[in-house]
Amino acid sequence: MVDKLNDDIGEEKRLQLWEMMLKLRLVEKKAYDLFLQNLIKGTSHLALGQEAIAGAFGVALKQGDYTFCTYRGHAHTLARGSSIEGVLGELMGRQCGLMKGKGGSMHLTDVDKGVMGSYAIIGAHLTIANGTALASKYNKTNEVSVCFFGDGTTNIGAFHEALNMAKIWNLPIVFVCENNLYMEYTPIHEVTAVEHPAADRAGAYDLDKIIVDGNDADEMLRTAEKAISKAREGKGPSLIEAKTYRHSGHSRADPGKYRPDEEVKDWMENKDPIKNYRAKLLDFNINEKIISEIEEKIKDQVEKATEISMASPIPEIKEIYTDVWANGGSEWHN
Amino acid sequence: MVDKLNDDIGEEKRLQLWEMMLKLRLVEKKAYDLFLQNLIKGTSHLALGQEAIAGAFGVALKQGDYTFCTYRGHAHTLARGSSIEGVLGELMGRQCGLMKGKGGSMHLTDVDKGVMGSYAIIGAHLTIANGTALASKYNKTNEVSVCFFGDGTTNIGAFHEALNMAKIWNLPIVFVCENNLYMEYTPIHEVTAVEHPAADRAGAYDLDKIIVDGNDADEMLRTAEKAISKAREGKGPSLIEAKTYRHSGHSRADPGKYRPDEEVKDWMENKDPIKNYRAKLLDFNINEKIISEIEEKIKDQVEKATEISMASPIPEIKEIYTDVWANGGSEWHN
Amino acid sequence: MAQLTYRASVSLAIAQSMRKDQKVFFIGEDVGAAGGVFKATVGLLEEFGKERVMDAPISEQAILGAAMGAAMTGLRPIAEIMFSDFLAVCWDIVANQIAKTRYMSDGQINIPLVIRTANGGGSKFGAQHSQSLENWSMMIPGLKVVAPSCPSDVLGLMDSAVKDPDPVIFYEHKSLYAFKEEIEQTDISIPIGEANTLHEGKDITIIGLALMAQRAKEAALILKDKHDINAKVIDLRSLVPLDLQTIKKSVIETGHVLTVEENPRLCGWGAEISSLISEHCFKNLKGPVTRVTTPHVPLPSADILEDNTIPSVELIVNEVIKKLKGE
Amino acid sequence: MAQLTYRASVSLAIAQSMRKDQKVFFIGEDVGAAGGVFKATVGLLEEFGKERVMDAPISEQAILGAAMGAAMTGLRPIAEIMFSDFLAVCWDIVANQIAKTRYMSDGQINIPLVIRTANGGGSKFGAQHSQSLENWSMMIPGLKVVAPSCPSDVLGLMDSAVKDPDPVIFYEHKSLYAFKEEIEQTDISIPIGEANTLHEGKDITIIGLALMAQRAKEAALILKDKHDINAKVIDLRSLVPLDLQTIKKSVIETGHVLTVEENPRLCGWGAEISSLISEHCFKNLKGPVTRVTTPHVPLPSADILEDNTIPSVELIVNEVIKKLKGE
Ligand SMILES: Cc1ncc(C[n+]2csc(CCOP(=O)(O)OP(=O)(O)O)c2C)c(N)n1
Ligand SMILES: Cc1ncc(C[n+]2csc(CCOP(=O)(O)OP(=O)(O)O)c2C)c(N)n1
Ligand SMILES: [Mg+2]
Ligand SMILES: [Mg+2]
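Chains as they are written, first to last, in this note's numbering: chain A, 1 to 334; chain B, 1 to 334; chain C, 1 to 327; chain D, 1 to 327.
Treat the hints as calculated values from the structure; they're not laboratory data. Check the hints yourself; a few may be wrong.
[What the hints assert, rightly or not] Derived BS3-like pairs (lysine-lysine); straight-line CA-CA distance at most 27 angstroms:
| # | chain 1 | residue 1 | chain 2 | residue 2 |
| --- | --- | --- | --- | --- |
| 1 | C | K202 | D | K286 |
| 2 | D | K249 | C | K283 |
| 3 | D | K23 | C | K283 |
| 4 | C | K323 | A | K318 |
| 5 | A | K209 | B | K62 |
| 6 | D | K202 | C | K325 |
| 7 | C | K286 | D | K224 |
| 8 | D | K23 | A | K235 |
| 9 | D | K23 | C | K248 |
| 10 | C | K323 | D | K23 |
| 11 | B | K62 | C | K23 |
| 12 | D | K23 | A | K140 |
| 13 | A | K243 | A | K230 |
| 14 | D | K248 | A | K230 |
| 15 | C | K323 | D | K249 |
| 16 | A | K265 | C | K23 |
| 17 | A | K29 | C | K248 |
| 18 | D | K23 | C | K322 |
If you're wondering where the values come from, they're calculated on a predicted model, not measured in any experiment.
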């Protein structure tokens, strides 16, 4: 039962979180529809079911803060306020895409919103995120850097190097491991020496062991806010392990058949962060009409954005030759 | 005071260890002399002061076991029984060198003795050592693989990957971190998130935390034997952190001036593994004559080997073109 | 006689090698239960069990390191690097350890392993999952470099690669996985270092590899049909060892050469071939060796962009015409 | 006017850049208190303090990742990779992240950083500490590649590299650290992409880089003195951007070209230059472009072996004579 009297979060923030998570959910669903219509080429990795994590950080972060995510980064990008058509347009390879189709679904980037890129080679971005954090420290400004990654990422070398460096340099950074129990198709416990792939390694970097139910949006928000404050106050890095589950396969090509049916069912039916959060909002006596209005608003936004991106032209071929260099071009000789 | 009644090691093995350590010490000293005479080109990394670790493993390992070491690997190579002229000859770039001068001081290799190579890029050989261990498991034979490395090596990605893999595959391997307090010139604690660079990370791979005085040859031998037995019995990997100190600089070019004088003095005078072991042998009532005879024998061996290697011709130029491929040659086109 | 895809020929080739030699085992990420992200290892786990088909963590350095160490003892590992782009995360193991250890050890150590990896563009996967990286390994002494262009070459070259006493990087082209061929005999062996002629002709020599060899062949068909140009298409099949004799022989006949590379221009394998032809056949050349390559840019993701970045059949046709007819 | 070593010019160049721009900072292993293993960063920590001269753990990926991230915010990091051979352990960060991020982000992100690294042989350090790896970065679109051959070039090119809005890999040659030059003015700037003529001549064009450029110059002096051959020696100074115009101009005059590379043969930068010359100056060539390279082997360690593996002045002289006089 919820303790309505000691509500540290409050209705306003809860509705923000609700709106945020719904947006992430509905855009991902739309992305899925667009695949089926063959409007999205290439690959795509949906974060359906994992919305509470990106959502909570989206709410907790300030403008100017930096986020880094992976190929599974649509949600994390939207959570910083990037436009839906910017995301869907990129997936479809349109001019309205965040990077005009040059990067694609695995590399969403929106620097104005603090989305410092999505990285498709496991581990690298943990080290890069240290860099923006280092810059904040160097400049004595107080942005926080947040880096999202998966459970499987904890077994690659760059993870280790990044965590150690963040700690010794006391960087204002939050590492967020979204433990969805699988790397691509392999259960994480089959390839990991410890039970909690991130949290059980925290001690190796003199960090606290933090495990949170990543599908409980309120808990996720509290955890995010705490770690962000710590970083902002100059008290150094955190490593959070958030337990979650992806509703769909690893990527477009994957039906996800290696997962036991009951497991999938349990997570979809009993642990869906959005379904559960809706119930919680009602528990907190939030007017169902408000909840539904938000739903309608987001649906509407997603539809409009879809139209915009479908109407957006494909990029011009000359884009191939632009922006290798800061001078805008790609010449390598005089 | 030593407990002579419950002596689990015994005179024979102690003398073996004594002889082994002395050999390592005297060969390294000879190598140093040869530099000064400008007979050794390139670089060289001496393990003076760290002999108890390689020595103990040399005594504890069986023929057929595999060892992997670093650029600081003269001692570890000799400890497996490689010839002194093979080592000194290689340092001097002579035909009698273990690899005829093709590898040099940083890459000593003597497969017949189980010396599976010395590796000069930090971290790599931990992953490679897993491979010989994997082969033993695959073939259901019972060799043990041992991999030596330094404290600084614990901060590179390959360390992390190798430890995790060794654990999940339950490999017959012993990882030995020789913590000599410094990477090249930088004190390890300045760049490491935890106090014990290896041992404090053991938990991240579900391994026991093992710290040993690496300059106490008896303790080192016990620790080595225990870990080797564990591996040989199919009970999986160990990670040992052995505290030690190098008497000289990091490499030939380094006078080691970044270390406080008192620190150096303390380790050289009070914690020298060889000086202390000699005293311990006497404590155990081992006849000083025997001890000295071994000293003389080794001195003699080193002198003879030096002569042999100085008399050995330099390699023939055609060696440049041999042994890129298993067919003995280096052709890349027909 | 059966129709076999390139994809299926990969798993068949691995299976055949594993059946023949107990020393062969296979490591990779998501390769076992799931049969690999490209479904190119389906059935291996079922047939050979967990001891010979090992699902690894996301630890490419540890994967290749373990394969290397095992190979040093005489085993014959096949290791998968899921996308060739990920060679970058384990490049030290490939370029500094696997490639150099035999030489540094004065031949004491052999490293008979195969690294197979999905290479190349065409899937709209963007700049970090689409690279053509044969030149990365060509430039490292001590590595053999194989890149089959069709199912039978996959079968025959994999057989040789696994038996080879030296390390072989085996580049499988992602855009060829669905490529089909009628195969009579699956248990075949093709020596590494022998180029294959995909199309005969004496007007010009077109040299390609993997997908680009197939595109060159298609171009040759068009050139013949529509432009009365007879192009000899040489599929190198391996860059190291390189079949220089076949190249020379054709260049002496034709005097015109076009290389077709999928990688970005600078220091691509075509540059090496061009410099070799220049050295060996200078007098025979009627014009410069023309290199068709991806422009020197990272690969963009959107269809229209990717399709116009990687050399197409049309581009090859046009370049040949321009070269021969000055159009 | 002062005599400056190449080594001293490195630390001076860094210091000058750091004095001019507070955004510049420096990360590396053992670079601070100890002044670097090559003593090329002595004095920096003392002058700029720990916040701007950061001693890092042995974590090359983390070092370059941090430099990249910082650069993305507008800072201008200089990161040291102690030996260029170690680029292999962080090659993903270099080749896949630093090089591609600007393009993939459609120009949203700039990465103005410098990676400086000790490159090349001559020190008898063996195969893992002696490589010449300029071609590794030349082949990656998105990287600028600089390799100075003398102290004044270190000063002038470092100034430009630090100011450059794009990532620059700055290869310092280990065997040049002791090289001395009289320098009048230390605070100089040399644009990246302009080759330098080290010796004038119209008989043959010799193209080199770093140590090989200096050896080519020595060879040219001998050729002139003893063999009456006037060689033009072009020190490329940077591979990307490449000064193709200077190359073309000289080749048109001489018709004979020799490239001198320290790297093993296959896919070296000389291959690219050879293919470019072939494409652009085919009609001017009186013979094939000759490539002098290290043979395609890992570098051996013993003096006699290393000395006979890397191209020497003598070898260059002989190759030129053979080429021009058919001897
Ligand atoms: C270095 C590297 N190795 C392998 C891959 C292929 N790959 C892409 S996603 C993935 C699984 C990642 O698992 P996890 O970190 O748990 O993230 P999730 O996909 O579950 O969000 C793998 C192996 C890659 N992109 N990079
Ligand atoms: C990847 C890599 N980075 C840096 C170096 C340069 N280097 C050689 S030895 C060394 C210090 C290693 O320290 P540690 O592991 O403690 O071993 P020790 O030398 O103390 O025995 C460094 C940084 C290297 N060889 N490889
Ligand atoms: Mg996962
Ligand atoms: Mg150390």
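Hint check results:
Among the hinted pairs, K202/C with K286/D is consistent with the structure: their alpha-carbon atoms are about 26 angstroms apart, no more than 27 angstroms. Restraint check for K249/D and K283/C: satisfied, since their Cα atoms lie roughly 23 angstroms apart, inside the 27 angstroms limit. Using a Cα cut-off of 27 angstroms, the hinted pair K23/D and K283/C is violated, with the two alpha carbons roughly 55 angstroms apart. Straight-line distance between C-alpha atoms of K323/C and K318/A comes to about 24 angstroms, which keeps the hinted pair within the 27 angstroms bound.
Taking the CA atoms of K209/A and K62/B, the gap is about 41 angstroms. The hint is violated against a cut of 27 angstroms. At most 27 angstroms may separate the alpha-carbon atoms for a hinted pair to count; K202/D and K325/C exceed this at roughly 34 angstroms. Using a Cα cut-off of 27 angstroms, the hinted pair K286/C and K224/D is violated, with the two alpha carbons roughly 34 angstroms apart. For a cut-off of 27 angstroms, the pair hint linking K23/D to K235/A stands: about 24 angstroms separates their Cα positions.
Distance check on the hinted pair: K23/D and K248/C sit about 55 angstroms apart at the alpha-carbon level, beyond 27 angstroms; violated. Annotation: proposed proximity of K323/C to K23/D is violated, straight-line Cα distance about 51 angstroms (limit 27 angstroms). At roughly 24 angstroms between alpha-carbon atoms, K62/B and K23/C fall within 27 angstroms of each other, so this suggested pair holds. Using a Cα cut-off of 27 angstroms, the hinted pair K23/D and K140/A holds, with the two alpha carbons roughly 12 angstroms apart.
Taking the CA atoms of K243/A and K230/A, the gap is about 21 angstroms. The hint holds against a cut of 27 angstroms. Restraint check for K248/D and K230/A: the C-alpha separation of about 59 angstroms exceeds 27 angstroms, so the hint is violated. Distance restraint check for K323/C and K249/D: the Cα-Cα separation of roughly 24 angstroms lies within the 27 angstroms cut-off, and the hinted pair is therefore satisfied. Restraint check: the Cα-Cα separation between K265/A and K23/C comes to about 42 angstroms, which exceeds 27 angstroms; the hinted pair is violated.
Taking the CA atoms of K29/A and K248/C, the gap is about 57 angstroms. The hint is violated against a cut of 27 angstroms. At most 27 angstroms may separate the alpha-carbon atoms for a hinted pair to count; K23/D and K322/C exceed this at roughly 50 angstroms.
Comparing the model with each numbered hint stated earlier shows that hints 3, 5, 6, 7, 9, 10, 14, 16, 17, 18 do not hold.
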